[in-house]
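Enquirer: For reference, the chains in residue letters:
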Amino acid sequence: MISAAGHGALITLAYAGLPLLFEPAPVANIPITVEIVTIAEETAAPRPEPKPEPETPKMEPEPEPEPEPEPVVAEAPPEPEPPPPPPEQRPKPPVALAALDPEPEPDPAPPPERKPAPEPAAHKAPPKPRIKPKKKPRLAFDADRIAALLDKEEEEPPPPKPLAEAEPPPDERPTARISNISDRLTLSELDAIRAQIQRCWSVPGGARDGHELIVTIRIYLSPDGSLIRPPEIADASEMADPYYRTMAESAVRAVRKCEPLRVPSTKYEDWREIELTFNPREMLGG
Amino acid sequence: MKDVRENYVRGARLLAALALACVAFLPVPALAVLRIDITQGNVDPLPIAIPAFVDTSGEGIGGAIGGVITSNLERSGLFAAIDPASFIQKPEDMRVQPRFADWRLIDAQALISGSVERRDDGRLKIEFRLWDVFSEQQMTGLVYSTTTDNWRRVAHLISDAVYARLTGESGYFDTRVVYVAESGPAQNRVKRLAIMDQDGENSIFLTDGSHLVLTPRFSPTAQEITYLSYFLGRPRVYIYNIDTGQQEVLGDFPGMTFAPRFSPDGNRVIMSLAIDGNSDVYVMDLRTRLTERLTRHPAIDTSASYSPDGESVVFNSDRGGTQQLYVMAADGGRPKRISFSKGRYATPVWSPRGDLVAFTKLLRGRFFIGVMRPDGTGERLLTESYLDEGPTWAPNGRVIMFFRQRPRNADGSGGETRLWSIDLTGYNERRIVTPMDASDPAWSPLLQ
Numbered sequence: 001m002i003s004a005a006g007h008g009a010l011i012t013l014a015y016a017g018l019p020l021l022f023e024p025a026p027v028a029n030i031p032i033t034v035e036i037v038t039i040a041e042e043t044a045a046p047r048p049e050p051k052p053e054p055e056t057p058k059m060e061p062e063p064e065p066e067p068e069p070e071p072v073v074a075e076a077p078p079e080p081e082p083p084p085p086p087p088e089q090r091p092k093p094p095v096a097l098a099a100l101d102p103e104p105e106p107d108p109a110p111p112p113e114r115k116p117a118p119e120p121a122a123h124k125a126p127p128k129p130r131i132k133p134k135k136k137p138r139l140a141f142d143a144d145r146i147a148a149l150l151d152k153e154e155e156e157p158p159p160p161k162p163l164a165e166a167e168p169p170p171d172e173r174p175t176a177r178i179s180n181i182s183d184r185l186t187l188s189e190l191d192a193i194r195a196q197i198q199r200c201w202s203v204p205g206g207a208r209d210g211h212e213l214i215v216t217i218r219i220y221l222s223p224d225g226s227l228i229r230p231p232e233i234a235d236a237s238e239m240a241d242p243y244y245r246t247m248a249e250s251a252v253r254a255v256r257k258c259e260p261l262r263v264p265s266t267k268y269e270d271w272r273e274i275e276l277t278f279n280p281r282e283m284l285g286g
Numbered sequence: 001m002k003d004v005r006e007n008y009v010r011g012a013r014l015l016a017a018l019a020l021a022c023v024a025f026l027p028v029p030a031l032a033v034l035r036i037d038i039t040q041g042n043v044d045p046l047p048i049a050i051p052a053f054v055d056t057s058g059e060g061i062g063g064a065i066g067g068v069i070t071s072n073l074e075r076s077g078l079f080a081a082i083d084p085a086s087f088i089q090k091p092e093d094m095r096v097q098p099r100f101a102d103w104r105l106i107d108a109q110a111l112i113s114g115s116v117e118r119r120d121d122g123r124l125k126i127e128f129r130l131w132d133v134f135s136e137q138q139m140t141g142l143v144y145s146t147t148t149d150n151w152r153r154v155a156h157l158i159s160d161a162v163y164a165r166l167t168g169e170s171g172y173f174d175t176r177v178v179y180v181a182e183s184g185p186a187q188n189r190v191k192r193l194a195i196m197d198q199d200g201e202n203s204i205f206l207t208d209g210s211h212l213v214l215t216p217r218f219s220p221t222a223q224e225i226t227y228l229s230y231f232l233g234r235p236r237v238y239i240y241n242i243d244t245g246q247q248e249v250l251g252d253f254p255g256m257t258f259a260p261r262f263s264p265d266g267n268r269v270i271m272s273l274a275i276d277g278n279s280d281v282y283v284m285d286l287r288t289r290l291t292e293r294l295t296r297h298p299a300i301d302t303s304a305s306y307s308p309d310g311e312s313v314v315f316n317s318d319r320g321g322t323q324q325l326y327v328m329a330a331d332g333g334r335p336k337r338i339s340f341s342k343g344r345y346a347t348p349v350w351s352p353r354g355d356l357v358a359f360t361k362l363l364r365g366r367f368f369i370g371v372m373r374p375d376g377t378g379e380r381l382l383t384e385s386y387l388d389e390g391p392t393w394a395p396n397g398r399v400i401m402f403f404r405q406r407p408r409n410a411d412g413s414g415g416e417t418r419l420w421s422i423d424l425t426g427y428n429e430r431r432i433v434t435p436m437d438a439s440d441p442a443w444s445p446l447l448q
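Here the protein sequences line up with chains H and Y, keeping their order. For the first sequence, the working numbering assigns the number 1 to the initial residue and increments by one for each residue that follows. For the second sequence, the working numbering assigns the number 1 to the initial residue and increments by one for each residue that follows.
Don't take each hint at face value.
What the hints assert, rightly or not - DEER-style ranges, computed between Cβ atoms:
1) Y:G58 with H:D235: 23 to 31 Å
2) Y:S86 with H:D235: 31 to 39 Å
3) Y:A329 with H:R281: 26 to 34 Å
Unchecked claim - To list a few chain H residues with every Cβ distance to chain Y over 10 Å, as calculated:
4) D235
5) A236
6) S237
7) R262
Read the hints as simulated data drawn from the structure, not as lab findings. Just so you know, even glycine gets a beta-carbon here, dropped at the ideal spot from N, CA and C.
With the hints as extra help, turn the sequences into a complete structure.
Expert: Listed below in structure tokens is the structure:
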């Protein structure tokens, strides 16, 4: 619609405005119009002009009805097997220092033992024994995988289940539609995605002191904008560097905080996999 | 070409659609991956939830520990503690595992859980865990064994661990600050050496005030302080041992010595020596007590400070006509001016991180605390007031403490002298509350 309106306006302006070109005042207005047109062109670039309607919806970031209500639900599921590394035996050496001695990570495991309250089973030695019943259902999120990812041993082919569940009703239609639509997201659509993540990203303090760190992560989305699997940190080998790790974790946190992303209802193939590069430098004034 | 590609793309799409329709499990072949640059973010403080530590020791310090951690992290300006009134899950219920959804609901991104227990030997076991609320992962965790009266220090250690894990920087909370405590009327000011925790707690006097003291500086490696004291009206550089309480004059020079600072290895003290009105920079080796002269110039050279690698020295000198900053090799070679803009520069201090030099600047009757790179580029002024002076770095090189004096009014009121801290960003200016007026702060390294 907007695009159509834009075109219409341009044409009208061309007709009505041309004669006016000789006068100074109107000229000033023209540049504005022109800009609008430029954007529209970019967005429309690859596709046949005739059908501008499908785009309209995309311009608005919040087209899809379903994703929104879900947020809470979506988040809930991830809990499944949060207990990250509880299983490990506690490596902590006996404490004895006079004043106080920090012992390296008291590893997570300890607490559970004291209070077995809710889940009796949880206790067992096995690493991620505690599988809370409900969690599994939905997103099919695998906390194991999260852990694995963070430890950088990821690379599994998680798509299977997630896809299956996610797809059922909503996607089919979009996919169908996709086929006859341009394969490129419009700038506005890109901006909408970017804006969401930027709002969710808390830049770590260290980065604000001018450490030049750029972190790239890859995310895989289901058609409703939720994560199919944990974000992948592109240069996982850098995680030993505390600054890098902090940045990478903040990037992952940003995506998770934004989940589900509000994404266009079409062109799923274009955004099902996104590579996000987080670079705070510009913001920090170089 | 284009047609071909389009055809191909269409074909791929069709295939994809088919695949989806028939075998829902087959992933669609990916086309080019969408790339998005995120160049803007939120610089608001990170929301963190810090519930009271669950205290079963009977000491009742669980809440206080949480409180110290909260105020440390908040004072850094990088964290915003979430109001405990909004907490959904009770601290006692978190001992098995936090209910992350509850914490996400109140917008916490990080969460600290902790406990205090009595051990069999009577000591306390203080334990904490830091959780990433969104990833539902434990980010770090430590256990401390300590005596009850040490709880505050443990809280600082925990603050450092949390800060380090979430910012990538090392912390600076388990540190102390030595300063000059001032009291009495302006004409007859009593100035005593005092030392306190970084947050202003546990302040105690080190000297009795019978002699004026100025410019205390911490040794980077030992419990020692070097400072200037007027003894019998003569200013001299002294060394004070915090553990033993002993103080001694450093060397016996014909003139007056002042502006001392330790070298990064703690083995030398660099200072100014004024003879017949001309001051130059000297360095004394504390082991051999031998002194070496580093500058030789009729101008006033003073306020020397080593780079953290010990290779260079920044100092100020009026050899160029006005008071400016210079950097020379540690042996006194190749002095080079680094400050060139308007105004006068004083009290340069090299950052422990090595990347910046902090200084006091006087311009048009106003004082500023600023930083510049050691080559003189990138000058930034962080604070401004009637009188700001004496910057000192936190051990992680991202916070600077200094003192600020208010103008003294005709009726004798005003003139308060207080300690403040400022972030490298120039934001987050905070007052450090001291029992009385305070000046000349010097930040210790992280305690051992």
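Enquirer: Could you run down the list of hints and mark each one as holding or not?
Expert: Cross-check of the supplied hints:
Remark: the range hint 23 to 31 Å for G58 of chain Y to D235 of chain H is contradicted by a beta-carbon distance near 49 Å. Taking 31 to 39 Å as the suggested C-beta distance range, the pair S86 of chain Y and D235 of chain H conforms, at roughly 37 Å. Evaluation of the 26 to 34 Å hint for A329 of chain Y and R281 of chain H yields a pass: the beta carbon distance comes to about 33 Å. Non-interface status of D235 of chain H relative to chain Y is upheld: no Cβ of that chain comes within 10 Å, the nearest being about 15 Å off.
Look at A236 of chain H: its CB is around 15 Å from the nearest CB on chain Y, clear of 10 Å, so calling it non-interface holds up. Its beta-carbon lying about 17 Å from the closest one in chain Y, S237 of chain H satisfies the requirement of being farther than 10 Å from that chain. For R262 of chain H, the shortest C-beta to C-beta distance to chain Y comes to about 14 Å, beyond the 10 Å cut-off, and the non-interface label holds.
Violated hint: 1 only; the structure is consistent with all others.
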